[in-house]
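Chemist: What follows is the residue order along each chain.
Number of protein chains: 2
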Amino acid sequence: MREHALSDNRSYEILESLTTEVGARLAGSEADLRAVAWAEAKMRALGLDKVWKEPVQYPVWQRLSEQASVISPYPHRLQVTALGHSVSTPAGGVQADIVHVASLQDLKNTDAAKVRGKIVFIDHKLKKSTDYGEVAAGRSRGASEAARKGALALVIRSVGTDSHRLPHTGVMHYDEDAPRIAAAAISNPDADLLVRMLKRGEPVRLDLRIQTAMEGNFTSYNVIGELRGSEQPDDYVLIGGHLDSWDLGTGAVDDGAGCAITLGAAEFLRRHQLRPRRSIRVVLYANEEQGLIGGRAYHAAHRHEISRIQAASEADSGQGPVKTLRSDVVPAALVVVGQMQQVLTGLGVSAGGNQAHPGPDMGVLREAGAASFSLDMQADDYFDVHHTADDTFDKIEPVRIRQSCAAFAVFAWMAAQSPVDFGSGDELIQGRKNRTAG
Amino acid sequence: MREHALSDNRSYEILESLTTEVGARLAGSEADLRAVAWAEAKMRALGLDKVWKEPVQYPVWQRLSEQASVISPYPHRLQVTALGHSVSTPAGGVQADIVHVASLQDLKNTDAAKVRGKIVFIDHKLKKSTDYGEVAAGRSRGASEAARKGALALVIRSVGTDSHRLPHTGVMHYDEDAPRIAAAAISNPDADLLVRMLKRGEPVRLDLRIQTAMEGNFTSYNVIGELRGSEQPDDYVLIGGHLDSWDLGTGAVDDGAGCAITLGAAEFLRRHQLRPRRSIRVVLYANEEQGLIGGRAYHAAHRHEISRIQAASEADSGQGPVKTLRSDVVPAALVVVGQMQQVLTGLGVSAGGNQAHPGPDMGVLREAGAASFSLDMQADDYFDVHHTADDTFDKIEPVRIRQSCAAFAVFAWMAAQSPVDFGSGDELIQGRKNRTAG
Numbered sequence: 001m002r003e004h005a006l007s008d009n010r011s012y013e014i015l016e017s018l019t020t021e022v023g024a025r026l027a028g029s030e031a032d033l034r035a036v037a038w039a040e041a042k043m044r045a046l047g048l049d050k051v052w053k054e055p056v057q058y059p060v061w062q063r064l065s066e067q068a069s070v071i072s073p074y075p076h077r078l079q080v081t082a083l084g085h086s087v088s089t090p091a092g093g094v095q096a097d098i099v100h101v102a103s104l105q106d107l108k109n110t111d112a113a114k115v116r117g118k119i120v121f122i123d124h125k126l127k128k129s130t131d132y133g134e135v136a137a138g139r140s141r142g143a144s145e146a147a148r149k150g151a152l153a154l155v156i157r158s159v160g161t162d163s164h165r166l167p168h169t170g171v172m173h174y175d176e177d178a179p180r181i182a183a184a185a186i187s188n189p190d191a192d193l194l195v196r197m198l199k200r201g202e203p204v205r206l207d208l209r210i211q212t213a214m215e216g217n218f219t220s221y222n223v224i225g226e227l228r229g230s231e232q233p234d235d236y237v238l239i240g241g242h243l244d245s246w247d248l249g250t251g252a253v254d255d256g257a258g259c260a261i262t263l264g265a266a267e268f269l270r271r272h273q274l275r276p277r278r279s280i281r282v283v284l285y286a287n288e289e290q291g292l293i294g295g296r297a298y299h300a301a302h303r304h305e306i307s308r309i310q311a312a313s314e315a316d317s318g319q320g321p322v323k324t325l326r327s328d329v330v331p332a333a334l335v336v337v338g339q340m341q342q343v344l345t346g347l348g349v350s351a352g353g354n355q356a357h358p359g360p361d362m363g364v365l366r367e368a369g370a371a372s373f374s375l376d377m378q379a380d381d382y383f384d385v386h387h388t389a390d391d392t393f394d395k396i397e398p399v400r401i402r403q404s405c406a407a408f409a410v411f412a413w414m415a416a417q418s419p420v421d422f423g424s425g426d427e428l429i430q431g432r433k434n435r436t437a438g
Numbered sequence: 001m002r003e004h005a006l007s008d009n010r011s012y013e014i015l016e017s018l019t020t021e022v023g024a025r026l027a028g029s030e031a032d033l034r035a036v037a038w039a040e041a042k043m044r045a046l047g048l049d050k051v052w053k054e055p056v057q058y059p060v061w062q063r064l065s066e067q068a069s070v071i072s073p074y075p076h077r078l079q080v081t082a083l084g085h086s087v088s089t090p091a092g093g094v095q096a097d098i099v100h101v102a103s104l105q106d107l108k109n110t111d112a113a114k115v116r117g118k119i120v121f122i123d124h125k126l127k128k129s130t131d132y133g134e135v136a137a138g139r140s141r142g143a144s145e146a147a148r149k150g151a152l153a154l155v156i157r158s159v160g161t162d163s164h165r166l167p168h169t170g171v172m173h174y175d176e177d178a179p180r181i182a183a184a185a186i187s188n189p190d191a192d193l194l195v196r197m198l199k200r201g202e203p204v205r206l207d208l209r210i211q212t213a214m215e216g217n218f219t220s221y222n223v224i225g226e227l228r229g230s231e232q233p234d235d236y237v238l239i240g241g242h243l244d245s246w247d248l249g250t251g252a253v254d255d256g257a258g259c260a261i262t263l264g265a266a267e268f269l270r271r272h273q274l275r276p277r278r279s280i281r282v283v284l285y286a287n288e289e290q291g292l293i294g295g296r297a298y299h300a301a302h303r304h305e306i307s308r309i310q311a312a313s314e315a316d317s318g319q320g321p322v323k324t325l326r327s328d329v330v331p332a333a334l335v336v337v338g339q340m341q342q343v344l345t346g347l348g349v350s351a352g353g354n355q356a357h358p359g360p361d362m363g364v365l366r367e368a369g370a371a372s373f374s375l376d377m378q379a380d381d382y383f384d385v386h387h388t389a390d391d392t393f394d395k396i397e398p399v400r401i402r403q404s405c406a407a408f409a410v411f412a413w414m415a416a417q418s419p420v421d422f423g424s425g426d427e428l429i430q431g432r433k434n435r436t437a438g
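Line by line, the protein sequences give chains A and B.
Here the first sequence stands for residues 1 to 438, numbered as in full-length UniProt numbering.
Here the second sequence stands for residues 1 to 438, numbered as in full-length UniProt numbering.
Derived by calculation from the structure, the hints in this document are not laboratory data.
A portion of the hints provided could be inaccurate.
Note that identical chains are pooled: a pair holds if it fits in a single copy or bridges any two copies.
[What the hints assert, rightly or not] As a list, the in silico SDA-like pairs of lysine to any residue whose alpha-carbon atoms are at most 20 Å apart:
1. Lys127 with Asp394
2. Lys199 with Tyr74
3. Lys199 with His4
4. Lys199 with Pro398
5. Lys199 with Asn9
6. Lys149 with Asp123
7. Lys127 with Glu397
8. Lys199 with Glu16
9. Lys125 with Ser103
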């Protein structure tokens, strides 16, 4: 089965379909509902036993226009994108000198006197070796930090490992206690340009014009498909990805790939008449990008069935291949994890420890006690295109996504067939606490 | 000297200065004259013996706005750029189905009945191994070819070897006998998307909105600097690049690099008090991109001194390194070419034959009989960023541009020191004719 799955092109085909027939699918846009319709139809076409959707609600953020340029010392147009949930700049834009900070932490350490009346420029480069979360903190929290010190706007170096003129968007949050200022990202080459200008010692003055809107409420859906189990169909293994994408690209690696990998895995099992004891459920979540909203809605609707979620694992870090399998299960189930890891060795997957996060939308289920798995993917090029216009289907390599699909098929099959309970519930939560205390 | 030049960073610094302090410099824009002022000041600062400028005139083409989207079967926004000299689409844009052709040749072979009322889509992919000129012919001549068959507009796959959402612009020409229709390029991933849609067999309908203007005349300048020769100062070796760039990037590889390499080479000789017998003249040409206009103006102003141009070689294919030296000289001078090639071997430069083109702006001088050299550069990544927003300074690798500068310094020095005449004039023209006939 493992070898069979490795030569199966279904995930690649599913992703081709999503990126071609739907494309960009910003949560709250008209494409959001086109994506939902696509997902429902695709799940039915793939022959899953049961397909349904569950409502998810959120406010609608819209990107209207964005422009940035250097006014002095040397006029340049910059490649810029508003961050998700950013407010607009005032009518007429913001024209101000920039103040350079190396990171969010550096901004926190900077005197308000230096920041007041300026545009803060967070110049925190994401390297292949640095932690995404640490750098992305500047994107999500920088605006309020800057606004509390009197800044007029925030511009960040794109949180991306590439060197292309394509800025990386991503969501940001406003603190309640800070004025709301516009926040945008410029491409890495443009950030390099600002750094070169600043080295000359003269003030660098920008003109930033961002127009966005946040108004109205939207109802979208988590789209769910299930392969029913033969013996304990109400217990299920939960896999999936998020269906929404940012608007700049067509969401191929983020997270069309995760949707296609997990749907492809389920369909592979169905096609080969591999019907496990427990059910396998694929959830394609609504609106992950703007705050894990689909994930929270799924938890809210299913909070009473945590003990039935035998194993949860989301695919949301690109096309793969899967490099490591980690678990978060009760000790009695580790023998089954060991068996999975042994089978996955044949796909080049290493064994990780018993400490795993199941992915963004499933994080809240883990907090509630769901046994979790992490199929960690190779991600050295993921942040090259992540949240940019360049996140398109041509970046997908069939050999990589096939391996990921095979790994998910093996994982889902073995988890759903396992005679052992992975221990979702209080015992698992207590066990984690003991581990942390120990 | 060769080894000294290899560790000299001056070209890199010159290019940093141009791309930072001037940036994008579309011919006919206000940045055009800022570039001229930069070049004059830089040449003086670098200590060339004589610096002057010569007027060059051309019409002003302006890019105003550009938008393209797929209307059906699946709505998508496309990354598009107007081609240089394109007219606007009619008010309200063009909404029409596309007709796919594989190349300009394929368009020529296509029945007018298939093209009439459509948007022609030339889907000619530039591969690392294919000839740029052949693919670029679709860009320069496609619109008139399509218009004669009744097309409403032309969209081409970007003439570029990359796979990024950054379209490649470039100049196009209208034939006198054809209606003028708008012409634009979409990025390679967007062209892939259209191809995937077309494979489904349904019509693919685009909405194309291009606004441009061509009005008024502009006076810019070829900026010229000279190291005066010690013995025959009126004879000169001619090197240089073109100062203008497209507007999307900051013209780092095209052709800031050529300007910096040749200026750096001249400055290296001056700084090391290497004063050759003949003069070395660096010309930074105006408006190469829109039709070799600076090159033609230089020829017009200097047509009576062809025999004084001892050797001409333009750098206009990126940052290098230089891989081959070719010549186009009279047989009596081949011994000197051999000596050059021997010295350049130490820089990894191979010997080419006695058949060379001196580069776009100097082509007209070659036609007039100027002895020519070609320092052929490694160009495997040149067409990744060529004519895109991604043509920025971060793409420059110091070790590559240093080698190119060293190679130009060696070439210019040895050509200017040569006791032998390279034979510019009728003898050379006649010799070429004989070679061709033979």
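Chemist: Going back to the hint list, which numbers does this structure go against?
Modeler: 3
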